[in-house]
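Following the hints, put chain B in place on chain A, whose structure we already have.
Here is how the chains run, residue by residue.
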Amino acid sequence: KAGVTQTPRYLIKTRGQQVTLSCSPISGHRSVSWYQQTPGQGLQFLFEYFSETQRNKGNFPGRFSGRQFSNSRSEMNVSTLELGDSALYLCASSLDGGGGPNEQFFGPGTRLTVL
Amino acid sequence: AQSVTQPDIHITVSEGASLELRCNYSYGATPYLFWYVQSPGQGLQLLLKYFSGDTLVQGIKGFEAEFKRSQSSFNLRKPSVHWSDAAEYFCAVGHRGSTLGRLYFGRGTQLTVWP
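Protein chains in written order, with the working numbering: chain A, 86 to 200; chain B, 36 to 150.
With the rest of the complex left out, here is chain A:
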């Protein structure tokens, strides 16, 4: 079974631009979560989508948004990029069978550099 895939793997943008990152979960997984990883703040939760609906949201500004499609694929968008948005963005999927928590399986991440 294929793992979580994220595209692109690397991105370089300039301040003020916007960016869209894509995540394809493991087949059959319905929950997709996004995390930002930086040396200064560590791993921080951005948001989670389940059945095309945002179910949880972390403490990030409105410049960070996401969505999920009917095939469970997810995208996240960052508008008006700032230097501090440079980070590894990780996507994770889980089965979410409803009986309790399911472990999250992570993709390789998208490394975003903002110049």
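These are calculated hints, taken from the structure and not from any lab test.
Careful: at least some of the hints might be erroneous.
[Claimed, not checked] Some chain A residues near chain B, calculated using beta-carbon distances under 8 Å:
| # | residue |
| --- | --- |
| 1 | PHE135 |
| 2 | SER136 |
| 3 | GLU188 |
In this text, a Cβ means the ideal position worked out from N, Cα and C, and glycines have one as well.
Frame of chain A; chain B shown alone:
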């Protein structure tokens, strides 16, 4: 507020030596507990998880962890470290209830293995 503490930022051990990585959490009830490992430039790989039941859990690559409710700890252990275990290790906590899709991570412990 929920928190996960990994007191050791960096640990160095010799190959073949035993290893223990510490993790403490702050949460009002028994959380779901995870250990992940991250190699440079990679996403997170799940090593093991604790949901309920036996407090000593076995994971992949010869790792085990023990949940101690009285100490709010979930320490990771390995009896004999291999050079390939050098990586960064993250402890994570998930909550029962509406925040199923969200994990709270510790800041990580970087493991260096001497030959």
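For each hint, the structure was consulted:
1. For A:PHE135, the interface hint holds, since its Cβ comes within 8 Å of a Cβ in chain B; the closest pair sits about 7 Å apart.
2. Interface hint status for A:SER136: violated, as the beta-carbon distance to the closest one in chain B is roughly 11 Å, over 8 Å.
3. Because the beta carbon of A:GLU188 sits about 5 Å from the nearest beta carbon in chain B, less than 8 Å, this interface hint is met.
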